[in-house]
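Numbering (the working numbering), first residue to last: 1090 to 1125.
Derived by calculation from the structure, the hints in this document are not laboratory data.
Everything numeric in this text was worked out from a predicted model, so none of it was measured.
It is possible that part of the hints are untrue.
[Unchecked claim] No more than 25 Å apart at the CA atoms, straight line, and that leaves these computed lysine to any residue pairs for SDA-like:
hint	residue 1	residue 2
1	Lys1113	Met1102
2	Lys1113	Thr1101
3	Lys1113	Thr1099
4	Lys1113	Ser1100
5	Lys1111	Thr1099
6	Lys1111	Pro1123
7	Lys1111	Val1098
8	Lys1113	Pro1097
9	Lys1111	Ser1100
10	Lys1111	Pro1097
11	Lys1113	Tyr1103
12	Lys1111	Thr1122
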Amino acid sequence: GDLDSRNPVTSTMYSLRLLRLKEKTPWYGWYITPFE
């Protein structure tokens, strides 16, 4: 995910495409309150 530098979003999306897996829920931005 966005907060995990070991597995960035682009690598996640690439891996899903490579493994021919589908998203259950489309990507969306989220925030941790009050640390926005």
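*State the violated hints by number, sorted upward, taking the hints as numbered earlier in the document.*
Checked against the structure, the hints that fail are numbers 6, 12, while the rest are satisfied.
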